[in-house]
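> Chain order of the listed sequences is R and F.
Per the working numbering, the very first residue in the first sequence carries number 92; after that it's consecutive.
Per the working numbering, the very first residue in the second sequence carries number -4; after that it's consecutive.
Fair warning: there could be bad hints in the mix.
Unchecked claim - Residues on chain F that point at chain R, a partial pick, calculated with CB under 7 Å:
1) T34
2) P93
3) M100
4) A106
5) H110
6) Y119
7) G120
8) K124
9) V126
To be verified - Calculated lysine-lysine pairs in the BS3-like style (CA-CA distance at most 30 Å, straight line):
10) F:K174 to F:K91
11) F:K154 to R:K344
12) F:K154 to F:K128
13) F:K203 to F:K149
14) F:K149 to R:K345
15) F:K35 to R:K179
16) F:K202 to F:K128
17) F:K33 to R:K179
18) R:K179 to F:K124
19) R:K345 to F:K154
20) F:K35 to R:K183
21) F:K203 to R:K344
22) F:K263 to F:K91
23) F:K33 to F:K134
24) F:K128 to F:K149
25) F:K91 to R:K179
26) R:K186 to F:K33
In case anyone wonders, no lab produced these hints; they're calculated from the structure.
Idealized CB from N, CA, C, for every residue including glycine.
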Amino acid sequence: MKKNSLLSTIYLWIVTIILYIPIILTVIYSFNDNKSPVYWTGFSMRWYEELAHDRSMKEALINSLILAFSSCGLSILIATSAALAMRKRESKWDKIITYLSTLPIMIPEIILGMVFLGVFSFMNLPFGMLTLIIAHTTFCIPYIFSMVKARLQGIGTQLEEAAYDLGARPFRVFWDVTLPSILPAILSGAILAFAMSFDDVVISIFVTGASTNTLAIKIYTKLKTGVTPEINALATVLLVVTIAVILLSEITKKKEE
Amino acid sequence: MEKAFTSVSAFSKCNEGRIKMAKTVLELQQITKSFTDKTKQTEVLKGIDFSINEGEFITLLGASGCGKTTLLRIIAGLESADTGSVLLEGEDITKKEPYLRDVNMVFQNYALFPHMTVAENIGYGLKTKKVPKKEIATKVQEMLELVQLEGYEKRMPDKLSGGQRQRVAIARAMINQPKVLLLDEPLGALDLKLRRQMQLELKRLQKKLNTTFIYITHDQEEAINMSDRIAVMHDGVFEQVGTPNEIYYQPETSYVASFVGNANLYHKADAVYAVRAESVLINETECTLDAVVIEKSFAGGQLRILFALSDGQKITASRFGIDYDLKVGEQAKIGWKEDSAVRVIANEN
Ligand SMILES: Nc1ncnc2c1ncn2[C@@H]1O[C@H](COP(=O)(O)OP(=O)(O)OP(=O)(O)O)[C@@H](O)[C@H]1O
Ligand SMILES: [Mg+2]
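Please work from the sequences and hints to get the whole structure.
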């Protein structure tokens, strides 16, 4: 029994290391003093400094943040009200709508990107932040919607009925009881959506304009000219942000339980 | 002898008068309710007519799924009746929103707000009515004292035991001093010992605040211990309403007789008689029926002996203690005093 668990521990470690070696190397080499991605010549923060002084990087970062925050905000509103509305009445369309609304998660990104491109060109929308936000909102909604819907099913209607019974009017019931109950679900869904938006490349490339770059697009385009330590530094920053966001989501989920 | 008799009847007359004088708080008139479930329609309530006096403790007793919760929800306004009306102190509240009704409910699984403290939970009903904060705080303290939870005001509900949650739920409803308090199996989730203790506390609270209670329970003993009147629900109507004594000793139908206290139903010619297990005599002078013991079991401090009569009918007798000197398979004579057999309307197969 003990031997077995030791074996499986070793196995787990090997798998983990193989999986994470590229990531670990990226992080390590972002601190390399040398421009070469092969030779380690000493610890340095110079790539991070360079990153900080790169104006286009800053712009891309700001774009990424604006994009992630606004598409998250919009999808919170849309997804939450949709989930709430669907709870009110039971209809046979519910299943279909639920299924359809999760499609953006399942459809390959490249196809989604092409569809957006087609629709936006047809509508004659100027490509840029607006189209980015619309596209990102679309694929962010399912994450929040599914979480809020599950949560609403989980809490049932009894707490709200108790509030009504105690004299609370509909808006008050929503504010005092419904919202606090679904808030953790909204948050963890939104955090996940934020992470998705923040590191999306494929869809963004299809729908962005010539002058609007996001951080993720920036990495992708820079990579075409080869891996530079600056990219390593940028990837590390993104990695840290993403991990932090996902940890946050896990923590809120834990709290919910 | 004569004198004693008249004095008793005079007393009961005076009692009757008192009850008639009492104010009617809640009146249900011909309440019906059906649920449609995937094209199948079931009529759960088929015309409930009932009125409840101020300060009364009424228990609804009935099999699972007979519509007790539905009726309570209709009174609270959480469900709407198909036809009929609900009158609260003479005012028709059938169409009134639940938050405007002067009625409160204690839910079966408490339904405490998990993100609010004990004090916030209890004070919520007053907060919605815009009572000043200070007054809420004093009243919450009073309530906490009443349900013996002083010092718990800052606790969150998930850090309470089942019995404590129950008290919070009761305090949260009672603080509003509703005209009628509805309790849906409030003690259902508690263990037996705590249940007995809470029964006493609830009854004490009810008397102290003189609140009208409509109480649901599955537990006949609970119903008999606590109620002023019991309403036995069956097949969508109140089959019999009466004091615990009436329900227990003078069941009107075979359903009531067998549901409350598992009376024997003895068929003779076209008539059906209810005979309580404890009234069944074994091998005494009144005993005329030939019977064979087919089973003995011990439950609830009593030995239950199941007899088969020669015509195939089964009769249970109960005795205190854990054994009785009759073995399974043994012959015996059984019977009962004439006045312990109550003729009932047969409606139970
Ligand atoms: N919303 C609903 N939709 C469809 N059917 C329902 C609904 N609510 C209750 N019913 C049905 O109505 C009947 C009565 O339900 P109710 O909850 O009132 O029973 P109850 O007497 O409280 O039972 P229990 O003692 O098990 O709590 C049940 O058969 C139930 O299936
Ligand atoms: Mg019920």
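> Could you run down the list of hints and mark each one as holding or not?
Each hint, compared with the structure:
no.	hint	in the structure
1	T34	violated (13 Å)
2	P93	holds (4 Å)
3	M100	holds (5 Å)
4	A106	holds (4 Å)
5	H110	holds (5 Å)
6	Y119	holds (5 Å)
7	G120	holds (4 Å)
8	K124	holds (5 Å)
9	V126	violated (10 Å)
10	F:K174 to F:K91	holds (15 Å)
11	F:K154 to R:K344	holds (19 Å)
12	F:K154 to F:K128	holds (25 Å)
13	F:K203 to F:K149	holds (26 Å)
14	F:K149 to R:K345	holds (22 Å)
15	F:K35 to R:K179	holds (22 Å)
16	F:K202 to F:K128	holds (28 Å)
17	F:K33 to R:K179	holds (18 Å)
18	R:K179 to F:K124	holds (26 Å)
19	R:K345 to F:K154	holds (17 Å)
20	F:K35 to R:K183	holds (17 Å)
21	F:K203 to R:K344	violated (44 Å)
22	F:K263 to F:K91	violated (51 Å)
23	F:K33 to F:K134	violated (47 Å)
24	F:K128 to F:K149	holds (16 Å)
25	F:K91 to R:K179	holds (20 Å)
26	R:K186 to F:K33	holds (16 Å)
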